[in-house]
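Trainee: So you can see what is in the structure, the chains are spelled out below.
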Amino acid sequence: MTSDSNAQSVETLDGNRFAFTDRSLAGWEIASVMSSILIAEWMAATAAGFAKAIIAIPVALAILIVILSHRLRRESLRDIGFRFDNLLKALSILAVPVLATALLCLLVGWKLGTPVNFLRWHPNRHVVLQFAVGFCWALAQQYVLQGFVNRRAMIWTGRGWGSVLVVAAIFALLHLPNVWITAITFVGGFIWAAIYQRVPNLFALAITHSLMTWFIVSTLPPTALHHLRVGLGYFF
Amino acid sequence: MARARATFFVRTRGLGSMSRLSRATFVQLLIGKSICEALVVTAVAAGLFLATTNPALHGWLDHADAQTISGWAVDDNNPDRRVQVQLYIDDKFIEQRIANEARPDVHQANRAGDDWHGFVFRAPLLAAGEHEARVYVIHSGATATRRTLQIIGNPITFRSAPLP
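For the record, the sequence lines run as chains B and A.
Note that the working numbering has the first sequence beginning at 1, numbered continuously upward.
Note that the working numbering has the second sequence beginning at 1, numbered continuously upward.
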């Protein structure tokens, strides 16, 4: 998988040499893409009104790096998880955590006295359209999180709980400062990352991601979720 | 633990390593991307500063006591414009008005284009004790999305006597 002997040696200004191994490069790739997302997320509210389109620059750079990385590492769409042959297997494994999340949300919502409303997500949008939009957004998130970050984390720290924790922590970090969503995404990110390493299927992850979001929005207090806002936009 | 790891995490296909040439090119790309993003963040920070700040707004808080708070304010870029000022006492908003009172001394000192850039606020009823007055000039950006306050002069602390 990785080989430190295959390191790219680079000479520094003071004449020393240090090596970029595949592992260190994978870690750098994760940091680079996450920094772009954080810049876009935290700049979006700052730049509102006078240059909101400027956030397209870090987003475009992140997409460029992700696509180039896939190409240079010779990863196919099937490798990444855009496939259907293991969809049912992935869904069957994901069914248990999805049901557990649904029950937990109902329980917490009931304890907090929140009325259950399955049309609360985007009340002005048709429910079918909302599901389609929710699925596409979930697929995009899972593609970056699992298809890129998880795969690079596996190169960086090795397959297993370490890389799963890295993915969960990164997913949670991207949802700061919304404390509820940060906690929920840490748990969700952990489950999805572990299952992706076992059965890499992004469609199954996106289906469960959108279902879980729908359930969380429908059952937990809207004031606590803060309209799912993250980044600097959380404060506005 | 190792057994659980071995049974749960099966081998994931296609975790390919890069060739030496690809890696060198990719490292350069990552450095270039970081430089681009640093420039973007700098541009946004500078843009935000320019959108929310007007260095041409000047003024001074001359006097504050339990009766009146007065001073002057001018926009050097547009000296004929009457700027809006807001009074805060003890960090609480009190009043907003236009700085259009007579201040010939400011005009004579070449700080304003005409005599009419002063402001005088009548102080509200205050509890006995020490208070702090601050006056801010309102800056409206090029678009209507933001209005910001810029303090003029220094805050003035004054004492208010007990009510009769």
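It should be emphasised that the hints constitute simulated quantities derived from the structure, not laboratory data.
It is possible that some hints are incorrect.
[What the hints assert, rightly or not] Label-pair ranges, simulated between beta-carbon atoms:
{"hint": "1", "chain 1": "A", "residue 1": "L39", "chain 2": "B", "residue 2": "V128", "range": "18 to 26 Å"}
{"hint": "2", "chain 1": "A", "residue 1": "D90", "chain 2": "B", "residue 2": "V128", "range": "50 to 58 Å"}
{"hint": "3", "chain 1": "B", "residue 1": "A53", "chain 2": "A", "residue 2": "P55", "range": "23 to 31 Å"}
{"hint": "4", "chain 1": "A", "residue 1": "P55", "chain 2": "B", "residue 2": "G113", "range": "50 to 58 Å"}
{"hint": "5", "chain 1": "A", "residue 1": "G113", "chain 2": "B", "residue 2": "P222", "range": "34 to 42 Å"}
{"hint": "6", "chain 1": "B", "residue 1": "L64", "chain 2": "A", "residue 2": "P55", "range": "32 to 40 Å"}
{"hint": "7", "chain 1": "B", "residue 1": "A100", "chain 2": "A", "residue 2": "G129", "range": "54 to 62 Å"}
{"hint": "8", "chain 1": "B", "residue 1": "V128", "chain 2": "A", "residue 2": "N77", "range": "34 to 42 Å"}
Cβ atoms here follow ideal geometry from the backbone N, Cα and C, with glycine treated the same way.
Trainee: So, for every hint listed, does it hold in this structure?
Mentor: Here's how the hints hold up against the structure:
1. Between L39 (chain A) and V128 (chain B), the C-beta spacing of about 43 Å breaks the proposed range 18 to 26 Å.
2. Take D90 (chain A) and V128 (chain B): their Cβ atoms lie about 55 Å apart, and the range 50 to 58 Å holds.
3. Taking 23 to 31 Å as the suggested C-beta distance range, the pair A53 (chain B) and P55 (chain A) conforms, at roughly 26 Å.
4. Separated by about 52 Å at the C-beta atoms, P55 (chain A) and G113 (chain B) satisfy the suggested range of 50 to 58 Å.
5. Checked against the given bound of 34 to 42 Å, the beta carbons of G113 (chain A) and P222 (chain B), roughly 53 Å apart, lie outside it.
6. For the pair L64 (chain B) and P55 (chain A), the beta carbons lie near 38 Å from each other, so the given range of 32 to 40 Å is met.
7. Here the CB-CB span from A100 (chain B) to G129 (chain A) is close to 59 Å, well matched to the stated 54 to 62 Å.
8. About 54 Å separates the C-beta atoms of V128 (chain B) and N77 (chain A), a value inconsistent with the hinted range of 34 to 42 Å.
The structure fails to meet hints 1, 5 and 8 from the earlier list, while all remaining hints are met.
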